[in-house]
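Student: Here are the chains, one letter per residue:
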Amino acid sequence: MSDNDSATAYWKANLRLITWSLIIWALASFGFGILLRPLVAGISIGGTDLGFWFAQQGSILVFLVLIFYYAWRMNRLDAEHGVDEE
Amino acid sequence: MDQTTLNIIVVGLSFVLYFGIAFWAKAGSTSEFYAAGRGVNPVVNGMATAADWMSAASFISMAGLIAFVGYNNSSYLMGWTGGYVLMAMLLAPYLRKFGKYTVPEFVGDRFYSNTARVVAVIALITMSVTYVIGQMTGAGVAFSRFLEVSSTNGLLIASAVVFVYAVLGGMKGITYTQVAQYCVLIIAYTIPAIFISMQLTGKFLPQVGLFSEHTASGQYLLVTLDGLLNDLGFNQYTTGSSPWLMALFTLSLMIGTAGLPHVIIRFFTVPRVADARWSAGWALVFIALLYLTAPAVGAMARLNIMTTMWPEGVQGEAVAVEDLPDWFETWRVTGLLGVEDKNGDGRIQYYNDKSAAMQQVAAERGWQGNELVTFNQDILVLANPEIAGLPGWVIALIAAGGIAAALSTAAGLLLAISSAISHDLIKSVINPNISEKGELLAARISMAVAIVVATYLGLNPPGFAAQTVALAFGLAAASLFPTLMMGIFSKRMNSAGATAGMLAGLISTTLYLFLYLGWFFIPGTNMLTADQYLFGIPPTHFGPVGAVLNFAAAYIVSNMTAEPPKEIQDLVESVRVPRGAGAATGH
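Respectively, the protein sequence lines represent chains D and A.
According to our numbering, numbering within the first sequence proceeds without interruption in unit steps and concludes at 125.
According to our numbering, numbering within the second sequence proceeds without interruption in unit steps and concludes at 605.
Hints in this document: simulated from the structure, not taken from any laboratory.
Owing to the predicted nature of the structure, the values given are computational and were not obtained by experimental measurement.
Misleading hints may appear alongside valid ones.
Label pairs and their calculated CB-CB ranges [to be verified]:
| # | chain 1 | residue 1 | chain 2 | residue 2 | range |
| --- | --- | --- | --- | --- | --- |
| 1 | A | 353 | D | 115 | 39 to 47 Å |
| 2 | D | 121 | A | 470 | 46 to 54 Å |
| 3 | D | 62 | A | 364 | 24 to 32 Å |
| 4 | A | 344 | D | 80 | 39 to 47 Å |
Glycine is no exception: its CB is placed at the ideal position from the N, C-alpha and C atoms.
Start from the sequences and build out the full structure, keeping to the hints where you can.
Tutor: Set out below in structure tokens:
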């Protein structure tokens, strides 16, 4: 049964990581880039506001960090739970 | 040497390169034809994915789309990159672990149903064929503009080139030519962008230049641009409208991107699940190099046009006809650019003649309408090197880059189509006893037929060519993405549920598009008009709604029917963990 428990724990950890990543994903694009733009309008950057920067640059940079962090973290989780590729 | 000769030499050299790669990477087995033998390095696959994904539209049109609308079209930037986050976390690693060759194959096996498989094949072929038409016409247009051949001949040359390396090399040949095509297109895109950024702001990186001081005016570039646009009655560049619709459109592009089969299958080519995860990151790195540059190109090119048309500023005189720069004449003959001195003052007034405030100004200053009568948004990228005064070889590179972008995407789409036919229809449904050799031959024949059909449709584009991208993204978002995701994340999801969900997504999305845009996009056959949009949602934004309908139908139907058999639940368990991926390659 320990094998099964470990697999369940691994999948739960993966789901948790995905949930947090997608919250950040949504915050950087739909959030700061679009719907929350008025909230961060006070912060100016290069002749416009932070929301504009997020919509045209920041969100993409956040996506990059998210994907690489996810890959790094999951590859470690694979090893910790003994489900990595031999 | 004149420009056309130079263009022909550079484009010709790029073709020689693609052919060389094709002969070197000839496919000898179905595993090589469908998945490049699963031996592609994750960084290399990332580069190939970037070329696969970035079409003629990304290369030629996107900067213009942003330049002429401004902030609101940031949807394209976020949508076409944010989808990779979904793909990296929700689909790619698990589908790689599943270890088969096509997207419908996962649907058919996971939902133990040939009906589900065939519905997935239909969805795949509909979206890929509509998408490939745009690539073929795009390649034809790029040829005709730079090489002085008719666009019909240009399209035929493009088909012949794809034919050679796709039929011969399958996924293996396509992968390595896509790597070469990526290098060509990214160099062609960034060189003019860097020069323009240096000229306008003194900053080397366009991404920095966009938020820096405009040297000539001493103000921030975006402030200057907003000011000029405002003075001429256009919408300000950095101001947006209807944020909820913008968010919905962004979401629709994101889900659509994640559900496009020709991109998903690229992740089947790497050796391990861990590589599939890294590879998604590398793909986005290579895509971001262009997507982070595009908004800078857009804003700077727009500013360049404004200052070209109003050399003394908006309060001064407009540009005189004889002072128009040379590139105006070059592009005027292509019909993409047109000026008309309506008030006969020998000057060209460029302003928004639909703005009430500007009509008053025009009356005072003796203008009789906007005189820059045609300005195709594609010019921003195509004429960028000339606007920046760059040498001829950079212009030739743009030609090679535009053609590379169209060819690489077309090849990826054609592979998705042909493998769905030879593997999912012929091998899985019609003749399961077909030999390895027979299937490889069937794959090559399907590829050849797909190219011929795509060429025919490219030469005789159905009237709806412009709407097809909306259709492809809508279908990907509403049919394949939810079904694939449920196949991985829900053990309870069964055959009846998934089939019902896919049909609900497909039918609702197609119906919504047809009701507002006309049956099969035939003009005049639409039964509803824009003011009758359901909750104000335009057809192009419908993807997420279709996806929700898919999820809902699947959930309800699967809960009313028996749970999937034990071996299917075990299959889902095995897809979720990477261990054993090496063993499960092919059949």
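Student: Which of the numbered hints above does this structure break?
Tutor: 1, 3
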